[in-house]
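Using the sequences and the accompanying hints, generate a full structural model.
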Amino acid sequence: MGTRFLINLCYFFLVIFVSCESHTEKQAEYEAVLDLKESMGVEKMSIKPLEATQMIPLEFTKRSVLQSAYIEGVTDEYIVVRNGNSLIFFDTQGKFLSKISRMGNGPEEYIENTYSWIDFDKKEAHVYDLHRKSVKRYDFSGNFIEEKKNVHLWSFTELSSDRFIAYNDMLSNFEFTIYDKNWNVKDSIIERKDKFNIKDFNVIKSFQISKNNIFFYNAPIIYQSKNGGMFPKIFLEKGNLQIPDEIQYDLSRKNEKQRYIWNDFVTLAGDYLFLSYYYDNKKYDDIWNVKNQKLLYRNTISSPDELPGVPISVNGEEVRGWIRYFENDMFYFVVSEGEQEKLNVDNEENPIIVVTDLKTFEKSFSE
Numbered sequence: 001m002g003t004r005f006l007i008n009l010c011y012f013f014l015v016i017f018v019s020c021e022s023h024t025e026k027q028a029e030y031e032a033v034l035d036l037k038e039s040m041g042v043e044k045m046s047i048k049p050l051e052a053t054q055m056i057p058l059e060f061t062k063r064s065v066l067q068s069a070y071i072e073g074v075t076d077e078y079i080v081v082r083n084g085n086s087l088i089f090f091d092t093q094g095k096f097l098s099k100i101s102r103m104g105n106g107p108e109e110y111i112e113n114t115y116s117w118i119d120f121d122k123k124e125a126h127v128y129d130l131h132r133k134s135v136k137r138y139d140f141s142g143n144f145i146e147e148k149k150n151v152h153l154w155s156f157t158e159l160s161s162d163r164f165i166a167y168n169d170m171l172s173n174f175e176f177t178i179y180d181k182n183w184n185v186k187d188s189i190i191e192r193k194d195k196f197n198i199k200d201f202n203v204i205k206s207f208q209i210s211k212n213n214i215f216f217y218n219a220p221i222i223y224q225s226k227n228g229g230m231f232p233k234i235f236l237e238k239g240n241l242q243i244p245d246e247i248q249y250d251l252s253r254k255n256e257k258q259r260y261i262w263n264d265f266v267t268l269a270g271d272y273l274f275l276s277y278y279y280d281n282k283k284y285d286d287i288w289n290v291k292n293q294k295l296l297y298r299n300t301i302s303s304p305d306e307l308p309g310v311p312i313s314v315n316g317e318e319v320r321g322w323i324r325y326f327e328n329d330m331f332y333f334v335v336s337e338g339e340q341e342k343l344n345v346d347n348e349e350n351p352i353i354v355v356t357d358l359k360t361f362e363k364s365f366s367e
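According to UniProt numbering, the stretch in the sequence shown is residues 1 to 367, in order.
Don't take every hint at face value.
What the hints assert, rightly or not - Each computed SDA-like pair below joins lysine to any residue, with the alpha-carbon atoms no more than 25 Å apart:
1. Lys-257 / Asn-227
2. Lys-181 / Lys-257
3. Lys-181 / Glu-237
4. Lys-95 / Glu-317
5. Lys-211 / Ile-71
6. Lys-181 / Ser-134
7. Lys-233 / Glu-38
8. Lys-48 / Phe-231
9. Lys-282 / Gln-242
10. Lys-48 / Pro-304
11. Lys-44 / Phe-365
Source of the hints: derived by calculation from the structure; they are not laboratory data.
This is the structure we're talking about:
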């Protein structure tokens with residue numbers, strides 16, 4: 001009995017030692033390790049509502065009917081929103097300007113706008129059509145400019161003035177490929193350890209620009225561009241809750257997903273990481289401080305009457321919303337569906353964007 005107890009005790013300390021050693025190794029390899037698995041005992045963590053400094057209702061017209069509002073870019077002139085296969089351009093007050101929607105089988109059209117990159121300097125949009133394996137270029141009014149064929153990728157963005165970087169499709173042996181602006185291959189980086197064996201579908205993973213840096217999330221690692229390449233920056237520690245690819249992408253194994261963290265989506269906003277995901281039949285919305293690697297906020301949803309996102313105070317009314325874009329220390333949130341009517345705007349049929357700055361944002365965590 002004593003021998004068995006000692007064996008079990010040794011095994012326990014061995015597991016603890018290996019776990020600590022693994023965590024220490026990750027801390028040395030990455031700038032930050034966010035221990036998501038360890039945090040799963042926290043059901044909710046509240047904050048004071050964020051104070052919105054600006055509200056932008058997106059104008060509702062026959063050409064700007066939105067079912068969703070995925071913000072592709074914001075400048076001093078434009079707010080560009082993806083809605084299905086269309087790109088819709090608004091001014092910074094939400095007034096509709098123009099639209100790119102060229103779906104069809106014609107030579108100047110795309111079957112599906114799988115991914116887009118906006119060149120604000122030239123006022124052009126590069127649209128990737130996964131079905132045709134081509135990139136089509138349009139001006140902001142939707143006029144066709146040119147097409148580049150035989151381009152195999154999932155998503156891309158500008159790496160430098162003369163380079164694109166792309167996340168590769170499942171047939172590639174490498175995670176990323178670097179192209180020149182004529183879509184000639186210049187380099188392939190980060191060799192894939194395992195071949196994709198996807199049964200039913202895959203997810204288009206996106207690049208993100210934040211403070212002039214390029215980031216890319218390929219669970220559980222967030223990569224950052226540096227010296228013409230992509231390097232690991234942040235590790236999301238999920239332990240045995242990290243979902244295997246063969247379950248994540250297999251529709252027939254949907255029930256098995258609930259044992260894992262899955263369908264996670266990140267937005268890196270300076271020193272803050274916004275993370276939404278599913279686990280154990282609940283939807284989670286987290287905010288983490290990357291610098292001190294601490295969880296700041298968590299909201300969980302397990303029933304239809306619960307609201308997603310983070311609380312935001314807009315002109316004295318509290319609504320819910322979630323981040324859709326970050327640039328120049330400005331956070332852009334989209335108000336949750338069903339909450340728009342609280343804000344008494346004329347065109348509540350379309351999504352409403354609310355904005356806050358970094359200083360105002362941080363007040364919610366310091367008070």
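So which of those numbered hints doesn't the model satisfy?
1, 2, 3 and 8
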